[in-house]
Amino acid sequence: MSEDFAATDFRRRDARDKLCGRTRYTIDRYLPGMLHAVVLRASVPSGRIVRLDVSKAARMPGVRAIATAADAPGKIGIGIADHPLFARDLIRYDGEPLAAIAADTLVEANAALAAIDVEIEPLPAVLTMAEALAPTAPLVHPDWREHEILLAGEAREGNVAWEATVVRGDVDSAFARSDAMIVDSTFRVGRQNHVAFEARAVVASYEDGRFHIETSTQAPWTVRNATARLLGVPASQVRVTVPPVGGGFGLKFDIAIEPFAALLARASGRPVRLVNSREEEMLTCLFRENAEIRIRSAVTREGEIVGREAVVLMDCGAYGGEQVFLTTMTAHTLGGNYRLGSVRLVSRAIYTNTAPNGAFRCCNGVYNTFALERHTDEIAAKIGMDPLLFRRRNVLGNGDLGATGQVFEGDVLGPMLDRMDTMREATAKPPARADGRLYGRATTVGTWFVFVGPSAATVNMNADGTATLVTSGVEIGSGSMMQALPQIVSATLGIAPEDVVVRAADTDAAGYDVGVGGGRTTVSLGAASLAAAQEVRKKLLNVASEMIEASPDDLVMRNGRIEIAGAPGSGRSITEVATLAQAQVGPVSGTGAFTGSGVPAMPGCVAGHFIDAIDIPVFAVHDCEVAVDSETGHVEVLSYQVVQDVGRALNPRAIRNQIQGGVVQGLGYALHEEVTIGTNGRVCQNSFETYRVPLALDVVPVETNLYEGAPSMGPLGTKGAGEVPILNVGATVACAVANATGKRVQELPLTPSRVLELLLDRKSDLSFPHIAEAWGENLVRPHGTAG
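Each residue of the sequence shown is one higher than the one before, starting from 1 at the first, in our numbering.
Possibly wrong hints are sitting among the right ones.
Pairs of lysine to aspartate or glutamate, EDC-like flavour, derived with a Cα cap of 20 Å [as the list claims (entries may be wrong)]:
no., residue 1, residue 2
1, Lys763, Glu747
2, Lys763, Asp184
3, Lys539, Asp499
4, Lys382, Glu302
5, Lys56, Glu146
6, Lys538, Asp499
7, Lys538, Asp554
8, Lys75, Asp143
9, Lys743, Asp184
10, Lys743, Glu631
11, Lys743, Glu576
12, Lys18, Asp28
13, Lys75, Asp104
14, Lys56, Glu131
15, Lys56, Asp14
16, Lys763, Glu549
17, Lys56, Asp117
18, Lys539, Asp553
19, Lys18, Glu498
20, Lys743, Glu636
21, Lys382, Asp400
22, Lys382, Asp179
23, Lys539, Asp554
24, Lys743, Asp386
25, Lys539, Asp464
26, Lys538, Asp553
27, Lys382, Asp184
28, Lys763, Glu631
29, Lys538, Glu576
30, Lys75, Asp179
31, Lys539, Glu549
32, Lys75, Glu148
33, Lys538, Glu636
34, Lys743, Asp765
Derived by calculation from the structure, the hints in this document are not laboratory data.
Please model the complete structure; the sequences and the hints are all you need to start from.
Below, the structure is given as structure tokens:
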């Protein structure tokens with residue numbers, strides 16, 4: 001089948017309904033007798049609940065149910081179970097839920113919400129990582145020792161929620177070499193809001209002792225299991241189905257508001273609808289975290305990186321959540337582009353009294369790539385080498401070790417740089433520029449990976465010659481469920497992609513799946529779907545062989561028929577074969593499962609990691625040219641080019657569209673988008689009026705080149721293509737602006753005011769004295785070891 005498969009620009013089947021407004025998202029769902037729910041949220045970042053009296057609210061007109069912390073006994077988390085559904089005694093961030101109400105109408109629910117009597121004693125808050133790491137800082141979790149540890153590793157002390165480390169080789173000796181020059185760089189990035197157009201929404205009901213949750217999520221099994229844990233019920237009592245999702249980007253990879261609706265549905269005996277307002281969405285979004293990064297490298301004058309050490313501080317907000325897991329990513333993003341001698345990396349998730357942060361497309365890879373590529377340019381400048389030459393000499397190749405000691409296969413980044421050279425040379429030289437702006441260009445490299453994890457699929461062959469694909473996969477906009485998976489199944493069964501019906505995710509009907517994100521859908525769900533389709537194919541060929549009187553090995557499935565190879569027009573239609581098969585042996589179906597094999601890391605090299613080494617690396621090379629207005633600080637991106645490692649392109653147009661969208665989203669992160677926290681602990685950007693996302697006039701056409709052939713365990717050699725396009729954007733723009741201005745760029749986003757500060761030399765070099773104060777002079781020695 002792999003030999004017969006041809007890449008096809010297969011159109012998205014859901015595009016027309018979405019464009020015409022006919023698609024019904026979770027936010028559009030209504031059920032008979034449905035109640036409307038609202039959530040009471042705290043208005044202080046840190047405090048003690050003195051009184052929470054809902055008795056008056058319970059007597060308000062239309063109120064059918066109220067839920068508080070007493071109704072949800074469990075705690076959830078990734079790595080650490082530190083997160084209750086409602087604040088119990090302590091409030092840890094502005095916007096933390098205190099109670100939920102369901103009423104006949106939204107107006108009545110809000111009126112009852114206002115009637116809740118709540119008294120809170122304010123407590124000292126730590127709103128920044130600097131404050132949280134101060135020696136006398138109040139603890140966000142005074143009870144941190146009591147947190148249940150869920151996975152390998154352990155919670156660190158105080159306001160450090162988690163620590164992941166890599167130590168490979170003798171780093172101290174590498175930095176002591178007489179022929180090595182030391183380059184030390186520091187960087188800082190702010191938070192980014194996902195701004196999914198569909199807010200988080202859920203409709204829940206409770207019948208026959210089971211919950212049914214319809215929700216806008218990327219991970220239905222996560223919602224199922226986490227809801228059960230919070231409510232203290234068996235997971236088998238929770239069914240999750242997923243209507244079309246109006247954008248995710250990682251925001252909907254974790255549980256959100258589903259348990260509130262489930263609790264209220266059980267208490268009221270009626271369906272309950274809960275939808276975040278846009279303000280709630282902006283204030284409590286699981287933002288891409290703000291972070292601080294320090295990188296030090298020991299490099300010879302010939303350009304060999306003999307040692308590297310780095311520390312990354314990630315603000316996880318009030319609860320560990322996904323940030324605990326994301327500490328793992330640092331090893332593979334800071335240590336994945338270049339050959340390194342000895343390595344010492346530390347990544348820490350820090351508790352603060354702010355809204356929790358979470359996964360966002362390419363997770364911490366976006367800012368770590370920014371930091372690493374800016375650091376790489378500073379290395380090249382220090383040793384007097386052309387930045388592109390330095391990259392070409394040092395990018396990972398076949399047989400090279402990654403940061404965690406895994407061995408990489410294939411020479412990928414070198415040939416990709418060659419392709420970018422060709423693309424750059426083909427670009428017409430710009431005319432003479434006399435507008436007074438400053439011009440700069442840069443090329444960067446980046447390494448991401450496909451998060452594999454377990455997936456399952458079932459393919460049912462219908463008597464009319466169509467097939468139904470049943471998985472727990474969710475279409476969040478990447479097109480994998482609407483394009484890639486139908487293409488894989490249809491190519492296996494010899495039918496048209498349009499004849500593969502993709503069933504919406506339902507945890508009662510489909511097997512376990514980690515969730516849609518991390519570029520894993522086409523790889524993991526694709527592999528499971530391929531295995532299921534191959535089982536169906538085998539069954540049909542066996543039936544057809546008797547009908548045609550030929551060996552199954554001599555038959556092919558193509559164009560809706562099963563024929564003798566080399567004899568077009570022979571044989572029978574798949575419809576005929578499927579109909580007979582159902583009559584003779586019953587329904588024809590196949591099942592498939594897939595999970596990553598697990599690439600080993602070097603023994604003893606990593607600690608506190610959830611993924612020690614990466615199964616499927618994905619590489620990217622980006623180039624852009626910018627113009628900087630020295631009077632306004634405005635940065636205009638003039639051109640943008642991408643060479644992306646895709647393994648094998650099943651649908652080239654779909655991949656190019658993902659690259660275009662990912663680059664634009666990355667330009668928002670590079671130039672416009674930043675969430676800030678006020679002195680009162682509240683997010684300052686609470687609407688589209690105050691949060692600047694890229695607009696139509698900000699869109700830059702992206703020239704793309706799809707690099708195929710790199711090793712991959714994905715079906716047909718595929719790799720995830722939707723996640724990685726955003727990876728290099730902040731890095732590329734920052735390096736281009738630095739080249740244009742001759743200034744040291746250390747922060748994102750590069751807003752006009754920030755660029756003006758650079759141009760006017762009003763921006764001093766970043767330093768993080770609070771890290772040294774809290775962790776000792778050697779910033780990157782793992783906590784708890786001798787300094």
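Each hint tested on the structure:
1. Lys763 to Glu747: Given that 20 Å is the threshold and the Cα spacing comes to 10 Å, the pair holds.
2. Lys763 to Asp184: holds, 18 Å
3. Lys539 to Asp499: Status holds; Cα separation ~19 Å.
4. Lys382 to Glu302: Holds. Lys382 to Glu302 sits at ~12 Å (cutoff 20 Å).
5. Lys56 to Glu146: Not satisfied, since the Cα-Cα distance of roughly 35 Å exceeds 20 Å.
6. Lys538 to Asp499: With Cα atoms ~19 Å apart, Lys538 and Asp499 stay inside 20 Å; holds.
7. Lys538 to Asp554: holds, 12 Å
8. Lys75 to Asp143: holds, 13 Å
9. Lys743 to Asp184: Holds: Lys743 and Asp184 sit about 16 Å apart, inside 20 Å.
10. Lys743 to Glu631: Roughly 15 Å separates the two Cα atoms, so the pair holds.
11. Lys743 to Glu576: At roughly 71 Å apart (the allowed maximum being 20 Å), Glu576 and Lys743 break the hint.
12. Lys18 to Asp28: Measuring from Cα to Cα gives roughly 13 Å; hence the hint holds.
13. Lys75 to Asp104: Outside the cut-off at roughly 30 Å; violated.
14. Lys56 to Glu131: Between Lys56 and Glu131 the Cα gap is close to 39 Å, so the pair fails against 20 Å, i.e. violated.
15. Lys56 to Asp14: violated, 47 Å
16. Lys763 to Glu549: Violated, at roughly 81 Å.
17. Lys56 to Asp117: Holds: Lys56 and Asp117 sit about 8 Å apart, inside 20 Å.
18. Lys539 to Asp553: holds, 12 Å
19. Lys18 to Glu498: The given pair, whose Cα atoms are some 17 Å apart, holds under the 20 Å limit.
20. Lys743 to Glu636: holds, 17 Å
21. Lys382 to Asp400: Measuring from Cα to Cα gives roughly 25 Å; hence the hint is violated.
22. Lys382 to Asp179: holds, 14 Å
23. Lys539 to Asp554: Given pair Lys539, Asp554 holds - Cα atoms ~14 Å apart, limit 20 Å.
24. Lys743 to Asp386: This hinted pair holds, its Cα atoms lying about 17 Å apart.
25. Lys539 to Asp464: holds, 16 Å
26. Lys538 to Asp553: Given that 20 Å is the threshold and the Cα spacing comes to 10 Å, the pair holds.
27. Lys382 to Asp184: holds, 11 Å
28. Lys763 to Glu631: Status holds; Cα separation ~16 Å.
29. Lys538 to Glu576: holds, 16 Å
30. Lys75 to Asp179: Between Lys75 and Asp179 the Cα gap is close to 53 Å, so the pair fails against 20 Å, i.e. violated.
31. Lys539 to Glu549: holds, 15 Å
32. Lys75 to Glu148: holds, 9 Å
33. Lys538 to Glu636: Measuring from Cα to Cα gives roughly 56 Å; hence the hint is violated.
34. Lys743 to Asp765: Status holds; Cα separation ~10 Å.
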